[in-house]
Amino acid sequence: MAASNFRGLEATNRRETVLLVLAFMLLLGALGLGLDVAANDVAIVNGQLVGFPVLTIAALVFAGVQSMVSYYSGASLVLLSVHARELTPDTPKHQMVLDVINEMATAARMPVPKPYIMDDPSPNAFATGRDPAHSVICVTQGLVDQMDREELQGVIGHEMSHVADYDIRTMMMIAVMVGGIAMLSDFVYRWMFFGGFGARGRSGNDRDNQTAALITVAVIILAALAPIFSQLLAMAVSRQREYLADASSVEFTRNPRALLRALEHIAKVESPLKQGTAGTGHLFIVNPREGLRADDEGFFANLFSTHPPLSKRIARLQALLGASGASILDASSQANT
Amino acid sequence: MVFLIILVAIVALLILAYNRLVSLRNQVDNSWRQIDVQLKRRHDLIPNLVEAVKGYMQFERDTLTQVVEARAKAVSAPDQASRMAAESQITTGLGKLLAVMENYPQLKADENVLKLQEELTTTENQIAYARQAYNDVVLDLNTRIQTFPTNLIASNFGFKPAEYFKGAPEEQAVPKVDLSMTAPRA
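Protein chains in written order, with my numbering: chain A, 1 to 337; chain B, 1001 to 1186.
These are calculated hints, taken from the structure and not from any lab test. Quick caveat, the model's predicted, so the values are computed rather than measured. Errors might be hidden in some of the hints.
As the list claims (entries may be wrong) - Listed next, the in silico DSS-like pairs over lysine-lysine satisfying Cα-Cα at most 25 Å (straight line):
1) 1054(B) with 1108(B)
2) 114(A) with 1108(B)
3) 93(A) with 268(A)
4) 1054(B) with 1115(B)
5) 1108(B) with 93(A)
6) 1096(B) with 1040(B)
7) 1073(B) with 1040(B)
8) 1096(B) with 1108(B)
9) 1073(B) with 93(A)
10) 312(A) with 268(A)
11) 93(A) with 114(A)
12) 1115(B) with 93(A)
If we strip away everything but chain A, and leave its shape as in the complex, we get:
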């Protein structure tokens, strides 16, 4: 198999991820500035923007503090919220999972993540932590029970690449940014309606007042749309990272079949995760709620999902395997049914 194939995929994914994160930052900045205009500490005088954007800075500082907190305790909070416990070699199959995690750490040249397990019959897994040295891989009992060694390698390889690429940290930060934007925009909205319209003393002439009014309208619209935009961006970043992690999993195992079989397997399973996962859904290898509807390809379904449709991920892996690989898999999936 040509090494250039998955390396190319990796490069594209990385570039797009950077662009999406930049767009995200721009959105946050615009909203903060809008808040300042509404509060009148930044005003338009004779066509010039004057004043010090104190609220923009305050909002960014607040977001920074929030990020620090989640940076240091995010992983334990996530594990707590899904009721995960440490994975011990108490059964042969658990021993195998521990071995596979060790193997994939070797392949990725990474420290061995701390293994966790959650009692859930649905096959799924996620990785979290602030960096590779403090990383965690959590699998469900369903994954352990249903997957064979090859499929486990594919899934753990996928998670290991989230660790190696620092996805785990970025996704944590993005989650905080989305939350911050939602709060900020809610605040702006209330301010504009209940206080912002009154005081507009600093402006000099009618033209400035007109511009300020236009900006006010623009900010109201932005405030209303920002949470939706930010959610969309977060989802898009997450989707890119899922493709990238699929590609890296293949790089580690040198075996596209491993992850391909695992995803095909998961696509057939019809039991959703039991634990509440509204805030952690984007961490899992397949979205706990969306993964089942593997072929949701509608425009809006695509825009709002944290993961690409399973069918598209499977198709990309099949492309890596080549035409011959696809036929091998057809044969094996027929044997499975």
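Please build the complex by placing chain B on the supplied structure of chain A, with the hints as guidance.
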């Protein structure tokens, strides 16, 4: 002044490039040791496995002795080349052994054998992944040593390209050992 800034910048870049080369060379050494650790672990496991299965596998004496002899050769090898040749014989022999073990249902009931089987399987995988990781680092190091401008630093400070790990020919096609404990799906 401008000249001074440029000079400082160039020196800083040289130091960074040099440190990166040292770091990569250490990673190559370390990756090689990782392979070694796994090979030793395999040496330790083989006698236990042979002891555990020989009672069941009267008719596979040849396969068993092949592995034991290759292990003895690897442990007492006088140099690196003959040692690696012996190691690849072990890999082949173990692949065969693990495959024929599938024909002995009694083995599947023996917890000790199953445990050893899992240990050996993961060790075999670790060896393969450690080699893969080693070759990845060697690729990184060699690319740096050969590309401009790092090649100037490399040649001045005596950095040599590292050698890739090449398996023996019969090893290139890694025997597919699937010892999954789930029942084969019909």
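Results for each hint:
| no. | hint | result |
| --- | --- | --- |
| 1 | 1054(B) with 1108(B) | holds (14 Å) |
| 2 | 114(A) with 1108(B) | violated (30 Å) |
| 3 | 93(A) with 268(A) | holds (22 Å) |
| 4 | 1054(B) with 1115(B) | holds (16 Å) |
| 5 | 1108(B) with 93(A) | holds (14 Å) |
| 6 | 1096(B) with 1040(B) | holds (20 Å) |
| 7 | 1073(B) with 1040(B) | holds (13 Å) |
| 8 | 1096(B) with 1108(B) | holds (17 Å) |
| 9 | 1073(B) with 93(A) | violated (34 Å) |
| 10 | 312(A) with 268(A) | holds (15 Å) |
| 11 | 93(A) with 114(A) | holds (17 Å) |
| 12 | 1115(B) with 93(A) | holds (10 Å) |
Hints 2 and 9 from the list above are not met by this structure, while the remaining hints are.
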